[in-house]
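Use these hints to put chain B onto chain A, whose structure you have.
Spelled out, the chains give:
There are 2 protein chains.
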Amino acid sequence: MQEIRVELAKTLKDKPVDESKLGFGQVFTDYMFVMEYTAGQGWHDPVIKPYGPISISPAAMCLHYGQEVFEGMKAYRADDGRVLLFRPEENFKRLNRSNKRMCIPPIDEELALCSLKKLVDLDRDWIPKAKDSSLYIRPFIIATEGKLGVKSSDSYLFIILLSPSGPYYASGLDPVKIYVESSYVRAVRGGTGEAKTGGNYASALIAQEEAHEQDYAQVLWLDGVERKYIEEVGAMNIFFVIDGEVVTPALNGSILPGITRKSTIELLQSWGQKVSERRISIQEIADAYDAGKLTECFGTGTAAVISPVGELKWQDKVMPIGGGQIGAISQKLYDTLTGIQWGRLDGPAGWSVDIDA
Amino acid sequence: MQEIRVELAKTLKDKPVDESKLGFGQVFTDYMFVMEYTAGQGWHDPVIKPYGPISISPAAMCLHYGQEVFEGMKAYRADDGRVLLFRPEENFKRLNRSNKRMCIPPIDEELALCSLKKLVDLDRDWIPKAKDSSLYIRPFIIATEGKLGVKSSDSYLFIILLSPSGPYYASGLDPVKIYVESSYVRAVRGGTGEAKTGGNYASALIAQEEAHEQDYAQVLWLDGVERKYIEEVGAMNIFFVIDGEVVTPALNGSILPGITRKSTIELLQSWGQKVSERRISIQEIADAYDAGKLTECFGTGTAAVISPVGELKWQDKVMPIGGGQIGAISQKLYDTLTGIQWGRLDGPAGWSVDIDA
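So the protein lines, in turn, are chains A and B. The end of the first sequence is residue 357 by the working numbering, with every number in the run present. The end of the second sequence is residue 357 by the working numbering, with every number in the run present.
Looking at chain A on its own, in the form it has when it is part of the complex (with noise of 0.2 angstroms):
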């Protein structure tokens, strides 16, 4: 494995004070990571270097034409010291699938997971002690070529941010209120719905923006065929409690497969509760709720972990879930995830990772 150089700053930053006004993605670390990748070279220079601003040409392909692939994940600090980290194997796996769907070079997931503890050693400091509060990692990879022909770059920088982070959802656990997107569509099969890239995202700010406007906190996104069937919310992916059975989307090529979703699944299967990834219609859903049959319905993801969703609207019809509560099933998942994530809980072998391990 290559070797991962440290250039230590000369000064380090004050961390901030009040953990409770951190936010999401707003504070950096006083270090990042940076490789850089050249063709007939391959990926070179592994450096842990002060955080600051990275100088690219203006041509470089990422501005342009979007040849960007990211992960996201968290360090936690357990009540006795440790640092874990949740599957970041997976995470690292999910990257390189991102990054074969985007044609960007595949990175040495070994390598990756080493740089990032080492990472996250020196910046442990950072890492928040208020409640539900964690050091949220960010390892992207850019298209850095400055050409303007369109292709597959010749080099690219793999770059880790550190940013010590409050819950995502100001409100905590409090449901949310999610809208049923109907004129805008986030990803069809053959496209990208399933990489990690900023395409996806970038396409998805104008429904958000209208969401919020209705004073809803999401999307919830339908299938670019029909237009009928249940993808994900965009920020998470989407799970519903029905008839005393738990149901999600089935990945299908335009859903991104959540770490957390896959977690949630194989938690739910060892606690022998039914569950089932499968197609799903927003007319199912608005059938299941007339029944009086949806129970539950929350987002996974690893920024919000367990959200769950008090209130859906599909067109004219409001469906509120669950009289403002959190269900069972989801506080017992949020409590599950989160008491392995921090350290309180044993979770299945492999899941927590110790970074001085």
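No lab work stands behind these hints, which were simulated from the structure alone.
The list makes no distinction among identical chains, and a pair is therefore deemed to hold if it is satisfied within one copy or across any two copies.
DSS-like mimics (lysine-lysine), calculated; alpha carbons at most 27 angstroms apart, straight line: (1) Lys313 <-> Lys100; (2) Lys15 <-> Lys151; (3) Lys151 <-> Lys262; (4) Lys151 <-> Lys177; (5) Lys274 <-> Lys332; (6) Lys313 <-> Lys151; (7) Lys100 <-> Lys177; (8) Lys313 <-> Lys332; (9) Lys21 <-> Lys151; (10) Lys228 <-> Lys151; (11) Lys131 <-> Lys151; (12) Lys21 <-> Lys177; (13) Lys15 <-> Lys117; (14) Lys293 <-> Lys332; (15) Lys293 <-> Lys313.
The structure displayed is predicted, hence computed values, not measured ones.
Frame of chain A; chain B shown alone:
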């Protein structure tokens, strides 16, 4: 209108000696135009300054969420020494339409054109003299706010780059081979297909690479819903001549509204040539081919102007068109468009814009 400040370079770069080796979008001039946007303040401080790397936050939203748009246009050197732009107002109008879809604040189109003229004037010695060579112009806007929450950025950069360039296809007017893409999808109604934004290009790279491996220049995209109807080529719009009628896919929300496309339709109409914008299935093209009625096929785009298509491949069906020669309509369009662009012919009022006028 805001004053455009000019920051002169201390030294100028050497200009390319051999214009036949320029390629496309690989060499940049001495200057670039830069203007910043800050929420609350709007677009401010337009400046022409020496071309060079830009410094941005590694958390800049364009690097993570693809909030970015661009345009492509050219400056042409006429035989009499005039420097001409081709319908530049159309590009800035389209940039603002892309901005709207991507939640980017609109630019002042008049200021943009004025800035562009001033920039081209300062770099006018960079405009190549070789036949079919021109100064490629790349206006683009990137989201620069350094925060990781998914939302529209609060700050942007609007930049214009200039690049002396040869023909987009090295083979020039030689007919290109195009492959009908059956697996990947570029865009879908409700998505961002009609915006000139990075994600559309990033998602297309993988299909383009697979086409190159099969010795095809580009792919022809079908619609994302039924995968039956022809959309565009990605770098070009597409036209067919069937039984004496020119047809091109109607703009449907997922096709880029090309300015060369629009100009082509307007020219054909002015010649009394029957031309239709409508839905065209790939089956219709195959049927016309089988019936011997498909006499020409060509792409239109700023970079390639008119690019004859000499072969279409759809699944196992290979359809050679025009016997390796450019067709009469394609040739007349090419001669007329390039004639107007280089100032050898008079075009409709307003098509040709002298930067000194």
